[in-house]
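**Q** Sequence:
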Amino acid sequence: MDELAQHTFQPTCRRYATDSTHMDMLRVNTLQELESLPLTNWNIRQPLNSDQRESALNSGGLDLIVVPGLAFSREGARLGRGKGYYDTYLTKCRQLQNIPPVTVGLAFKQQLLDKIPTQEFDFKMDYVLSVE
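Residue numbering for the sequence shown follows my numbering, starting at 4 and increasing by one per position.
For the record, the hints were derived by calculation from the structure and aren't laboratory data. Be a bit skeptical, because a hint or two may be false.
Claimed, not checked - Beta-carbon label-pair distances, calculated as ranges:
id	residue 1	residue 2	range
1	E57	Q98	29 to 39 Å
2	Q55	E78	32 to 42 Å
3	Y130	T24	19 to 29 Å
4	Q35	N61	32 to 42 Å
5	L34	P120	17 to 27 Å
6	Q35	E123	40 to 50 Å
7	S133	S53	16 to 26 Å
8	N44	F111	22 to 32 Å
9	E78	I102	33 to 43 Å
The C-beta atom is built at its ideal place from N, Cα and C for all residues, glycine as well.
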C-alpha cells in the first residue's frame, strides 16, 4: 500500500483571503505520513502552510482526480459546496498540462440526480461511478 501512496497527492486548500479558491495537490509519501497530517475544521487531513511539499502541477501534473461532490448527474454535472476549489484547480490543470487529468466522481445512488444546475465555470466529470 505504501507504493500506492508514493504516487498519491493530497488535496489542500490554502486560503490567502476569505474569498480565495486556491487549492494545491501536494505529495504525500506514505500512508503513515498521510495519517499524521493535522485535521482541519472540516475534518480533512491537510499539511500546514509552512510544510514544504512538492506540488502536482510542478511535477508533471496528474493523470486522475477523484472529485468530491454532494450530488452528480449521470451526464457528469457536479454539485460541490459552492466555493469553486476543484473548478479552479481543474482550470489550472487544463491550462498547464498537455493532457488534462481524467475526473471521476464517486456517488451513492441517493447522490445521483437527473439534473444539476451548472454555470459556465463548472467542470463536468468524465465519469461518475455508483453502485447503481
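**Q** When the structure is checked against the list of hints, which entries are broken? Sort them ascending.
**A** Of the numbered hints given earlier, those the structure breaks are 1, 4, 5, 7, 9, listed in rising order.
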